[in-house]
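Undergrad: As they're listed, the protein sequences go chains A and B.
Heads up, the first sequence is in this note's numbering, so the first residue is 1 and it goes up one at a time.
Heads up, the second sequence is in this note's numbering, so the first residue is 1001 and it goes up one at a time.
Incorrect hints may have been included.
[To be verified] Computed footprint of chain A on chain B; a stretch qualifies when at least three of its residues, placed anywhere within it, have a C-beta under 8 Å from a C-beta of chain A:
#1 1149-1161
#2 1187-1200
#3 1214-1220
#4 1244-1250
#5 1312-1323
[Said to hold, decoys possible] Now the stretches of chain A that chain B is said to cover, found in silico as 3 or more residues with beta-carbon under 8 Å:
#6 3-9
#7 44-53
#8 85-93
[Said to hold, decoys possible] Derived contacts from chain B toward chain A, CB cut-off under 7 Å, selection only:
#9 G1113
#10 H1223
#11 L1226
#12 V1229
#13 P1233
#14 T1241
#15 T1341
#16 T1344
#17 L1346
#18 Q1347
These are computed hints drawn from the structure, not numbers from a lab.
Please read these numbers as outputs of a predicted model, since none were measured by experiment.
Note that the Cβ used here is the ideal one computed from N, Cα and C, for glycine as well.
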Amino acid sequence: MPAVAFILHPLDNVATILGGAAAPGEALALRGVSAGTRAPAAPIPDGHKFALAPIAAGEAVVKYGVTVGRATADIEAGGHVHIHNMESLRGRGDLKT
Amino acid sequence: MPEPWLGYRRADGTVGLRNILAIISATDAANPVARRLAARAPDAVALTPLYGRGQLGDDLDLSIRTMAGLGLNPNVYAVLIVSLEPVAGGRVAELIAAGGKRVETLSIQGLCGTANVEAAGAAILARWQAETALLKRTPFEEGELTIGLECGGSDASSGLVSNPAIGLVCDRLVDAGARLVFSEPVELLGGEAALDARAASPDVARQVRAAILKYERIAEEAHVNLNAVNPAPDNIKGGLTTIEEKSLGAMCKSGSRRLSGVLAYGEAAPGPGLWLMDAPAPATENITALSAGGAHAILFGTGALNSIGSPVSPTLKICGNPRTCATMADHIDVRLDDVVTADTTLQEAAARIAERLSDVACGAITAAERLGELEIAISRIRPSI
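Bound-form chain B, shown alone:
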């Protein structure tokens, strides 16, 4: 009998793996006070995107929607929004309140300075911290999970060990009724044929192709070689030569199941199954989008190492490169180097990932959480004015 999954049941029926007190600064002038506030409460995290003023249209919408998505992530217990003036914070708070989550807003101008924001915010956080201390974990089903899939700091081992092993876990969770979200459509260039065959419908196949080709078109319109940027220098040093080679390895993490549809940046999966999110590949931007889409946790395959994790979705670093596992062990949650150095199978590797995911879901902390390697970055689609 497997150990039960234990989480915090929310009033709306969803389950959280953590009781994060999220402090979101809706304008970057409030980032420093947000960070000072986060240092005052053990379960508080500061989510401090840059910008927040001078943005317009779809670019502004994306920022607001992503901040709200991060606040609405089921791992977040309550949200404190800080901003320079009250309107910028209020529009994010409105979406979070509409999603049924507790939210408070404080503005620097409204409270006559950051010292008052800090004092008022600390009182709110202390109150919430007292509430979460009383909450107990209760059993939930693995089919209730939303799991993000990411790879970064990739090398040749990623597409041979960590990503295929993650793919087997992905299949198991899809079969259990969970929501699985992989992303980075630029790193599907060259793998379109296999994805066509997995699309739930011709319409989904068209959407997947469009999401992938969007990134090829950016390079074409700029008259540059996409491969000058992706694969990145660490990928190339580790043996990856072209975007196609990197893609074929990256897409292994999506397993083999039917592809249900394409999600916008930070959009929540509307139902069970495997989904492709259209978000850029750089890890911090990408995991921010996955977290805003409601990921309870992220399975992150790495080779040469990317150290970053999401402050909202515990991010498990999974590595099959023996040298990285030996020299950067403190960054790695699941070592799969014995797939290379011994006879460990990918099935055994997948079982090891699933076991660690269960531990982390039930409260064990990840390497990125322990080291504080947690950051967000919200994509921009237009310049500030």
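This is chain A alone, in the form it adopts within the complex:
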């Protein structure tokens, strides 16, 4: 069973894959607001996200049309977007002095 990629909102800059892991260059059928296929540029574990366009460090990661965090490093188009290169903007008591 091949994985599929969900894009939930026209403003989203990430796609979420479900149904298995995906390999670089693997064309994934799109679900949600887009049709056709998209391929990640890196191995993406089941349930994880890849960037639909380059996301620069500090820029918002957008899913459901809403900011769900910010990039902590430059992410290339198709790159794996996860906790190694993005972080939350909410509940950050660790940043309070």
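Add chain B to chain A, keeping to what the hints say.
TA: Chain B alone, transformed into the frame defined by chain A:
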């Protein structure tokens, strides 16, 4: 013509989906005897919170109110309260009796030991069991239901499949006049704008924001990153990265209808519509609050799996993760993996959930009931002294 919903009409006009004989231990010293008693009657369940002594003020009130709420849940036929000494049990019994439900109390000290509690309790349960055996289910309207909405063991599939499908069922039930209660305000962080637009009034919008920000403030005051705890490790493994991402998926289960107001932990919805209950997100604590608020059943979206269910409110596990559906099928009530692996729409998925909810309401047992994965946990807001 859809099949009618069939339940047990109570004297006060409400409807129960089960005839549970609830044994509540009002102090944790009585938990073992409560469990032994529950093993003696087929429809008995032991509700065995920890603590019950050394609690004070609002913390004590919350515990007493939650125990009483569980006993007053319409699925409960009658309540047997056991406690170490009679006062702790009596104060819970008083609230249950005031709510119009049959209740008996037994204390370990009062009866000179647990063996006597067990013998006296068994006689009470046998009497009630004989009564419930004669009761018949009769038709009721879906608008009479109170349904809790929960998600746990979430992963990326939760916010894409199970929670949006539950949201469509939520809309249908709200439109039918039912009471729908979603919760876990910490898992609304980041989704405030959409909820503002759905609030019934500016005052409700303020209450919703306050309930959400309360949890962000806990992390800020402790100088810790809330994201170190929520999303949890299983959420992160399944693709969720931040509390905002988890929230946007979690709130899908609340559908799209107007938000009527905010309820306190374990508080019953005062009227039809969609309500937000202020209760912590961990599943056992959360479903305990939903059950205490009178939930007839709980629609529980899961991804990586959380196995727990409420002993009082049949809890349906609804899953859109193909791997979980395949490897943990015995825990899942409604499989929605074909939304991912085939062309099943969310509307078709919602119809499947509604059909299973109707079956469970009419007596079919859930996976959690069959497996005995039933537990309660009452939130604490102060330390014991």
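Undergrad: Count the residues of the segment 1312-1323 of chain B whose CB lies closer than 8 Å to any CB of chain A, then report whether that count reaches three.
TA: holds (count 4)
Undergrad: When I compare C-beta atoms, does the segment 3-9 of chain A have three or more residues closer than 8 Å to chain B?
TA: holds (count 3)
Undergrad: Mind checking, does the segment 1187-1200 of chain B have 3 or more residues with a CB under 8 Å from chain A?
TA: Since 5 is at least three, the answer is holds.
Undergrad: Classify the hint on Q1347(B) as holds or violated, based on whether any CB of chain A lies nearer than 7 Å to its CB.
TA: Violated, about 14 Å.
Undergrad: Could you check if V1229(B) really has its C-beta closer than 7 Å to a C-beta on chain A?
TA: violated (9 Å)
Undergrad: Would you settle whether the hint for P1233(B) is holds or violated, based on the nearest Cβ-Cβ distance to chain A being less than 7 Å?
TA: violated (11 Å)
Undergrad: At least three residues with a C-beta closer than 8 Å to a C-beta of chain A: is that true for the segment 1149-1161 of chain B?
TA: Since three or more residues must qualify, the claim that chain A covers the segment 1149-1161 of chain B holds, with 6 doing so at under 8 Å.
Undergrad: Should the interface hint for T1341(B) be scored as holding, given a Cβ-Cβ cut-off of 7 Å against chain A?
TA: Hint holds; T1341(B) Cβ to chain A Cβ min 5 Å, cut 7 Å.
Undergrad: Are there three or more residues in the segment 85-93 of chain A whose C-beta lies within less than 8 Å of some C-beta in chain B?
TA: Holds: 8 residues of the segment 85-93 of chain A have a Cβ under 8 Å from chain B.
Undergrad: Min Cβ distance, G1113(B) to chain A: is it shorter than 7 Å?
TA: violated (49 Å)
Undergrad: Closer than 7 Å between Cβ atoms is the bar; does T1344(B) clear it against chain A? Give me holds or violated.
TA: Status violated, d = 11 Å.
Undergrad: Counting residues of the segment 1244-1250 of chain B that have a beta-carbon nearer than 8 Å to any beta-carbon of chain A, does the count reach 3?
TA: holds (count 4)
Hint compliance for this structure: hints 9, 12, 13, 16, 17, 18 are broken, all remaining hints hold.
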